[in-house]
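These are the residues of each chain, in order.
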Amino acid sequence: MINSSLSQLARLLADKKISSVELTQLYLDRIAQLNPILNAFVTQNLDVSMSMSEARAADARIAAGDVAPLTGIPVAHKDIFCADGWRTTCGSKMLENFIAPYDAHVISQFKTAGMVSLGKTNMDEFAMGSSNETSYFGEVKNPWDISAVPGGSSGGSAAAVAARLAPAATGTDTGGSIRQPAALTGITGLKPTYGVVSRYGMIAFASSLDQAGPMAKSAEDCALLMNVMAGYDERDSTSLDRPVEDYTRDLQQPLAGLRIGLPREYFAEGLSADVAASVEAALQEYRKLGAVTVDISLPNTKLSIPVYYVLAPAEASTNLSRFDGVRYGYRAPEYGDLTDMYQKSRAQGFGTEVKRRIMIGTYVLSHGYYDAYYMQAQKIRRLIAQDFEAAFQHCDIIMGPTAPSTAFNFGEKADDPVAMYLSDIYTIAVNLAGLPGMSVPCGLGANGRPVGLQIIGNYFSEAKMLGVAHQYQLATDWHTRMPEI
Amino acid sequence: MSLTLQDVKRVATLARIAVNETEAATYQQHLNGIFGLIAEMQAVDTTGIAPMSHAQDLSQRLRDDVVTETNQRDKFQAIAPQVAGGLYLVPQVIE
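So the sequences go chain by chain: W and L. My numbering numbers the first residue of the first sequence as 1 and each following residue consecutively. My numbering numbers the first residue of the second sequence as 1001 and each following residue consecutively.
Treat the hints as calculated values from the structure; they're not laboratory data. Just to be clear, a hint being listed does not mean it is correct.
[What the hints assert, rightly or not] Restricting the straight-line Cα-Cα distance to at most 25 Å, the calculated cross-link-like pairs of lysine-lysine (PhoX-like) are:
no., chain 1, residue 1, chain 2, residue 2
1, W, 111, L, 1075
2, W, 302, W, 413
3, W, 302, W, 379
4, W, 93, W, 288
5, L, 1075, W, 17
6, L, 1075, W, 413
[What the hints assert, rightly or not] A few chain W residues that face chain L, going by a derived Cβ cut-off under 10 Å, partial list only:
no., residue
7, 293
8, 328
9, 380
10, 418
Quick caveat: nothing in here was measured; it's all calculated off a predicted structure. Heads up, the beta-carbon is just placed ideally off N, CA and C, and yes, glycines get one too.
My request is simple: use the sequences and hints to build the entire structure.
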């Protein structure tokens, strides 16, 4: 049961072989058994009675014949999505006791689909991190090896899917936060084109880069989840008003003649040998399936990290100014005047990485520095987007590694922010350009930890990317491997 | 460039984050590391390049100037740290 695809689960539910209540209970039992080891869910956010009442409602819908394709299937949500009546912490002490008063658009889409929430998954604080070590609620363990990080920031969602604590989960990706943890835990994750999934009710980190997407066991499951998540929402001013798509439409497309671009910058110094070998083996598989590979260049790749670490902190510093201890969130127990209350509440409520980024952002936006940093970064951002535009003249899709190495150990990079930031070298440019990107498991590294293949598509080519990934998954079995836990 | 301890304290004040001397020194070290990374960007010639804020170069949508929100004051204030009589309480700002 726990290895079933979403369409298999949907069939079992439709044929009344299992009820949503039974299925939900099965996963809640697994969470109760394994979460004490993995910490994938924020324990305070589990609400068995809410989950079960959603499952009963789904069963009633199934009995009445009022079903959508995934009605009754449980799903875990990254704790960045506000869900009415659920504690929504964003991995921060600042929001430790925050009960969201409304549903994020993504949450309401899942509710409309009749899917059941299993609870909220742990994450790096305010989605700032690549290892889940910045969560106020403790680090998430990688189910493949509990001495390894699960990646971040959607590490709880990734670990939950990898360990089969949930059939699927939601994530968000600002600089790689869906793709990198998907790679490090051996699951499939998709970051859609910026603007395809509404950001309404998703706690903001860097608004021009943040994008929600699905994390699941396969590309086919991700396609079904995209059908639930995507769509125009007038409450997000950057949501794109486009015709509704069926993201499963290209799953059966053959790959003959597909031109895969290999950016030479993604296979250069810094890529570990075992990751390179697994990615090369995947490319070989694609060639067997009829695709051809072409050499391309994304010359400004290296600049994506400095550009990102100007833009993301700048946007974060303004977004996070709302946490002032007045309307919601943490307030320091003792303070003098109003400024002192702000300063103490923020100093005590935010963790170190978040404060570091707020300070970088405050500095680069401060008087006299705006042009030198923020404007310069926005200009280079266009150069980075133009790199991709030029590359897509020569290929249909781009492939490379998702991360330069397999999962690293806890503590390895925790005290060195620069080393941590460099681990996102292959994912950040995609966010800056606003392109869709995904990660697909393609092997195990020297230490037995998973390797991810990154697939980058042109704008709005999610359906094609999912097809390209699905064809690979029909021919290989990396996505079916499950950690022993 | 390099941030002095004084710069770090000024930024912390602007960001409304209280820092003590030890913390300021640690932030100084980390922030300088990060600005070392950011410095790579300064040498790039961007003459004539338009800044990019959105991949599709969208401009903000306009909507009709009508009330669309319903009053949910009680629900919203239920999660506030301190309220009384429908008001958010903060330390006195006017003598």
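25 Å Cα cutoff - pair residue 302 of chain W, residue 379 of chain W
15 Å, holds
Checking hints one by one. Is residue 418 of chain W an interface residue toward chain L, by the C-beta closer than 10 Å rule?
5 Å, holds
Taken at face value, is the distance from the CA of residue 1075 of chain L to the CA of residue 111 of chain W at most 25 Å?
21 Å, holds
Proposed proximity, residue 413 of chain W with residue 1075 of chain L (alpha carbon, max 25 Å):
42 Å, violated
Can the restraint linking residue 93 of chain W and residue 288 of chain W be considered satisfied, given a maximum Cα separation of 25 Å?
50 Å, violated
With a cut-off of 10 Å, does the beta carbon of residue 380 of chain W approach a beta carbon of chain L closely enough for the hint to hold?
6 Å, holds
Residue 302 of chain W paired with residue 413 of chain W [C-alpha distance capped at 25 Å]:
Between residue 302 of chain W and residue 413 of chain W the Cα gap is close to 20 Å, so the pair holds against 25 Å.
Hinted pair residue 1075 of chain L and residue 17 of chain W, Cα distance within 25 Å:
Not satisfied, since the Cα-Cα distance of roughly 41 Å exceeds 25 Å.
Tell me if residue 293 of chain W is really an interface residue toward chain L, meaning its C-beta lies closer than 10 Å to one of theirs.
26 Å, violated
Interface hint status, residue 328 of chain W versus chain L (Cβ within 10 Å)
Where the cut-off is 10 Å and the nearest Cβ of chain L is about 5 Å from residue 328 of chain W, the hint holds.
The structure does not agree with the numbered hints 4, 5, 6 and 7 stated previously, though it agrees with the rest.
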